[in-house]
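Participant: Residue-level listing of the chains:
2 protein chains.
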Amino acid sequence: MLNVQLSNNSLRAFRSSFLDFVDDPFYVAQTKCVRYIPDGLLIVENGKVKELGSYESLKDKYSDISITAYPKMLCMPGFIDTHIHFPQTEMIAAYGEQLLEWLNKYTFPTEQKFKDKAYANKVASIFLDELLRNGTTTALVFAAVYPESVEAFFEAASQRNLRMIAGKVMMDRNAPDLLQDTAESSYQQSKQLIQKWHKKQRLLYAVTPRFAITSSDEQLRLAGKLLDEFPDVYLHTHLSENQSEVAWVKQLFPQCSGYLDVYEQAGLVRNRSVFAHGVQLTDAEFQRLSEVKAAIAFCPTSNLFLGSGLFKIEKAKSVEHPVKLGLGTDVGAGTSFSILQTALEAYKVAQLRQQKLSPFQALFLATLGGARALNLDNIIGNFDPGKEADFIVLDLHATPLMAFRNQDIMPTSIEALADTVFSAIALGGDRAIRATYIMGELAHERANTR
Amino acid sequence: MLNVQLSNNSLRAFRSSFLDFVDDPFYVAQTKCVRYIPDGLLIVENGKVKELGSYESLKDKYSDISITAYPKMLCMPGFIDTHIHFPQTEMIAAYGEQLLEWLNKYTFPTEQKFKDKAYANKVASIFLDELLRNGTTTALVFAAVYPESVEAFFEAASQRNLRMIAGKVMMDRNAPDLLQDTAESSYQQSKQLIQKWHKKQRLLYAVTPRFAITSSDEQLRLAGKLLDEFPDVYLHTHLSENQSEVAWVKQLFPQCSGYLDVYEQAGLVRNRSVFAHGVQLTDAEFQRLSEVKAAIAFCPTSNLFLGSGLFKIEKAKSVEHPVKLGLGTDVGAGTSFSILQTALEAYKVAQLRQQKLSPFQALFLATLGGARALNLDNIIGNFDPGKEADFIVLDLHATPLMAFRNQDIMPTSIEALADTVFSAIALGGDRAIRATYIMGELAHERANTR
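Residue numbers (my numbering), protein chains in the order written: chain Z, 44 to 493; chain B, 44 to 493.
Warning: the hint list may mix true and false statements.
The list makes no distinction among identical chains, and a pair is therefore deemed to hold if it is satisfied within one copy or across any two copies.
As the list claims (entries may be wrong) - Subject to a maximum C-alpha distance of 25 Å in a straight line, what follows is the list of computed DSS-like cross-link-like pairs (lysine-lysine):
{"hint": "1", "residue 1": "Lys115", "residue 2": "Lys165"}
{"hint": "2", "residue 1": "Lys234", "residue 2": "Lys91"}
{"hint": "3", "residue 1": "Lys93", "residue 2": "Lys156"}
{"hint": "4", "residue 1": "Lys399", "residue 2": "Lys268"}
{"hint": "5", "residue 1": "Lys102", "residue 2": "Lys158"}
{"hint": "6", "residue 1": "Lys91", "residue 2": "Lys293"}
{"hint": "7", "residue 1": "Lys293", "residue 2": "Lys165"}
{"hint": "8", "residue 1": "Lys75", "residue 2": "Lys158"}
{"hint": "9", "residue 1": "Lys243", "residue 2": "Lys115"}
{"hint": "10", "residue 1": "Lys104", "residue 2": "Lys355"}
{"hint": "11", "residue 1": "Lys239", "residue 2": "Lys268"}
{"hint": "12", "residue 1": "Lys91", "residue 2": "Lys104"}
{"hint": "13", "residue 1": "Lys430", "residue 2": "Lys355"}
{"hint": "14", "residue 1": "Lys148", "residue 2": "Lys399"}
{"hint": "15", "residue 1": "Lys399", "residue 2": "Lys104"}
{"hint": "16", "residue 1": "Lys91", "residue 2": "Lys102"}
{"hint": "17", "residue 1": "Lys91", "residue 2": "Lys148"}
Rather than coming from a laboratory, the hints here were simulated on the basis of the structure.
Next comes chain Z alone, as it looks inside the complex (with noise of 0.2 Å):
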C-alpha cells in the first residue's frame, strides 16, 4: 500500500516535442490553436499534468527526477475514439453489404455472442489492447445488449484504469428475438449498470439505445426518462447515417418531422447526447444540435466501408450552427481502430467535396475536439495542468516509407510540423504509436522495429 501511494505522489518528467491544441482551428488562426514545443518537457503529479513547458525552461526546477526521453518522437494527448463498438471487434472487415443487410448478416449473429461473460470478457481484453495499441485512451463504446458485456468491459477498462464511457444497447424490436430486451427490462438493467459502475473510478455510462428503428416509442420514452433521472451520464446511439435507414424511421414514426425529432420527442436530444454519423442530416438538424449543445460522432471510415455518404463537415463546423464533433472509428464497420487512419479517410471524404481538412484540425477532433463532443475537455484533450495524463507518443519515422519521406530529423516550424504529422495521418497506423501512457504510466509499447 506504502509503495503503490509512493508510486502515485511520485513525479514523473518526460522529454519530447509536444503538440497539442489549445483551442479549435476550424474557427481560430493556427497560430492561436496549436501549441508546438519542439524540445520539451512534461511533468506528470498523481496521474495528472503538472506543467508542460521547453526543456530549457524547465529542467532547472525538475533536475532530481529521472526523465523518460523521445528523442525524434511526438507526444499528444491520447487519442479519443467518439463512437466504437466493443462486441464487433471479431466480425471487422465483413464484406459486401450496406448498413441493414450488414446488421443482420454479420452484427446480430455476432453479438449473441456476448451473453457469454467469459467470451465478453475475452474480447472485451483484446479490444481494450487494440485501442492502446493504436493510441486511442478514451471511448464512447456500444457494449451489447446483455448486461454481462456491460459488466466485461467495464471490470476490462477498470483493471487498466482507463477513461471509458460505455452502455448496454437497448433493443426491443426489428432485431433477432435473442438479441432483444423490453422496454422495461432495458430500463431497469440500464439503471442498474449505472448505479453500479458510473463514476466508478474513470468510468461513464451512457444510455445506449442502438437507435430508432430497434426501439419501441416506449423503449425511447424510458431511454430519456433514464436521463433524467441521472442527469450526468450519456446518451449514446446512431442517427441518419444510410438513406434506407432514414426512410424506414419514417415509415415507423410517422408523427414525427424527421430522424433526430424522434429522439427529441423522447427527450433524448441534450448536451450529453452523442450521435454517431449524421450523414443524412438536414440543415435544420444540424442548427437543432447546435442549439442543445448535442455532438456527432464523424465516422469516415465506416460511411465509405458501407457506402452510406459523405458526411458534411462543413455544416458541423459552421460558424453560425458550430456541432460539437468528434472522429469515431465505427469498428466493425470501420475497418481500422487507428483514429490516423480514420483522420485520413475523413480527409478523402472532404476531398470528395472539395473540401479541405487540415491535419490540425484533424487532430483537434482526434484530442481536444473529441473530448469537448464528451464534455471532457476539463480533464483530458490537452496537456494543460490538472488535466489527466492519458498521452502516446508518436514515430514519425516508424515505416522504412515514413522514415524516407520525413528523414531523420523533427520539424521545427508550425507548417513543418503540418506536413510530417500529415504523413503519420496518412501513413501511420498503429505503427506511428510508439508508446500509449495511462495516467502517467506507460501501458503499451512498441517494439523498435520497422
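For this one, chain Z is given, so just place chain B on it according to the hints.
Facilitator: Chain B alone, transformed into the frame defined by chain Z:
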C-alpha cells in the same frame, strides 16, 4: 559461372496454400475462375512455374528435392501495379490539393531532383524495395522527364531481375521550364531509351506523355510515331482524372470531340495503351477503349485522396463493352504502395456507388487482370506452367487483429477463403506480405513479428 547455372537449373519446391485465377470473376462463375489448393506444392524450374498441384498428388514425384514450406499461409501470384510514379515516392501524402494544384505545388518541384542520376538511383532503389515489401512484382511506372531517371530505374530493376515497364515522361508545355523537353528531344530520347532497354532482361518500355495538357499536338504525334516504329512498346498516360483537367483539355484541343479523342487523333489509343484513372469517362469513351482493347488503370486511393471522383467499375467490366482493367496505386497521389490496401479503396468506391466488388474480383484485378491489362498474361499473372515464378506469400494472421479475426486456421472452402482474403485486403497492407519471390528466388522476407 558454373554455380549460377546450376542454381538456375535446379528445381525448387514450395508447399503452402495456393490461390490464383484462371479466368475473370467479373464474367465467369467463381467455381470456374478461382483456383484454390489448400495444401499445394509449387514446382519452379529455371525461374518458371513447372507445375502446381496438391501436395498429395505431387509429393512422390518430387520426393528428392527439399521443400520450402509456408504452413498456414497463402501463396499468390505477385501483385501487378498498373500505374505508379517512382519519382513521387518521397512526396507521398502531400497535403490539401486537387489534381492540377497538386501537380504544381508538389509534383513538379519534386521531379526536378531526378535530373541528378545519383539521386534517381537512390530513390529507384527505395521505390523497388517498397514495391517488393508490398508484394508487387510488376509495375507500369512513370519516371521523370529526364532520361537519367529512366536509366536509374531500369538499372535498379535490372539488378533485381524484375518484370517492370517504364518510360520517360514527355512534357513540352504547361510545366516549369526545367521540366520541359521539346517534341523532338522527347522523341529522340524516348527512342534511344527504347533501343537500349526495351526487352533487355525482363524490362519493357512505355512511351509516356504525361497527359494531354502538358504535351503539344506535335509531341503527341511523335509519341504515336514511336508506337508505329516500335509496335510492341506500351503507351502509358493519364486520362480523364478530374473535372478541371477535362475542361482544360477541351480548351486546349477544341478540334477534338473529347479527351480520349485527343489521344486517338495522335494514334495513341491502341491495344497496348494503358490509361490511368478514367474517372470522368463517357459511355462512348468506355466503348471505344473496349473496341481497341486498350486498358484502364483504376487508382482508387489516389482518386479519393485527390477528390477526383468515383470510377465506374461496372462500365469498364460491362458485358457489352468490356475494358481491360488493372489496379494502380498511383503513388504519390496514392498514399500506399500496397495493392491490398488499394483493393480496399476500390471496394469503398464501389460501395459509394451502391456496387459490389468481391474479394476475388479485387484480387483478380491485382494479378491476372493486371497482367491482361498489360498484355502480359502469357508470362505472368497466375501459376500456369511456363509462367515466370513471381509470387508472394500472404500471412493472414500478420497482426494481432488479423490473428484474432481469422483464428489460427486456413480456410477449407472457397466461401471461407473469400472471407479470409477480404480481411487481408481490409487489414493487411504490407504486413500481410510474408515473402516475395522473383523468378523463384526470395527477394523480400518479413520478420515474424506482429
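Participant: Look at each hint and say if it fits the structure.
Facilitator: Hint check results:
1. For the homomeric pair lysine 115 and lysine 165, the shortest alpha-carbon distance between copies (24 Å) is at most 25 Å, but the shortest distance inside one copy (36 Å) is not.
2. Proximity of lysine 234 and lysine 91 under a CA criterion of 25 Å is satisfied in neither setting, with 31 Å inside one chain copy and 68 Å between copies.
3. With identical chains, the CA atoms of lysine 93 and lysine 156 are never at most 25 Å apart, being 44 Å at best within one copy and 47 Å at best between copies.
4. Proximity of lysine 399 to lysine 268 under the C-alpha cut-off of 25 Å is found in neither arrangement, the shortest distances being 41 Å within a copy and 42 Å between copies.
5. Neither within a single protomer nor between protomers do lysine 102 and lysine 158 lie at most 25 Å apart by alpha-carbon distance, with minima of 53 Å and 47 Å respectively.
6. In this assembly of identical chains, lysine 91 and lysine 293 lie within 25 Å of each other by CA distance neither inside one copy nor across copies; the values are 47 Å within and 61 Å between.
7. Taking the closest pair of Cα atoms, lysine 293 and lysine 165 never come within 25 Å of each other, the shortest separation being 39 Å inside a single copy and 60 Å across copies.
8. Taking the shortest Cα distances, lysine 75 and lysine 158 never come within 25 Å of each other, neither inside one copy (49 Å) nor across copies (41 Å).
9. Taking the closest pair of Cα atoms, lysine 243 and lysine 115 never come within 25 Å of each other, the shortest separation being 37 Å inside a single copy and 44 Å across copies.
10. For the homomeric pair lysine 104 and lysine 355, neither the shortest alpha-carbon distance inside one copy (48 Å) nor that between copies (63 Å) is at most 25 Å.
11. Taking CA atoms no more than 25 Å apart as the test, lysine 239 paired with lysine 268 passes inside one copy only; the shortest distance there is 18 Å, against 80 Å between copies.
12. In this assembly of identical chains, the alpha carbons of lysine 91 and lysine 104 lie at most 25 Å apart only when taken from the same copy (18 Å versus 68 Å across copies).
13. Proximity of lysine 430 and lysine 355 under a CA criterion of 25 Å is satisfied in neither setting, with 32 Å inside one chain copy and 49 Å between copies.
14. Within a single copy, lysine 148 and lysine 399 get their C-alpha atoms only as close as 36 Å, which misses the 25 Å cut-off; across copies the closest is 16 Å, which meets it.
15. In this assembly of identical chains, the alpha carbons of lysine 399 and lysine 104 never lie at most 25 Å apart, being 43 Å within a copy and 61 Å across copies at closest.
16. Taking the shortest Cα distances, lysine 91 and lysine 102 sit within 25 Å of each other inside one copy (19 Å), while across copies they are farther apart (64 Å).
17. Neither within a single protomer nor between protomers do lysine 91 and lysine 148 lie at most 25 Å apart by alpha-carbon distance, with minima of 44 Å and 43 Å respectively.
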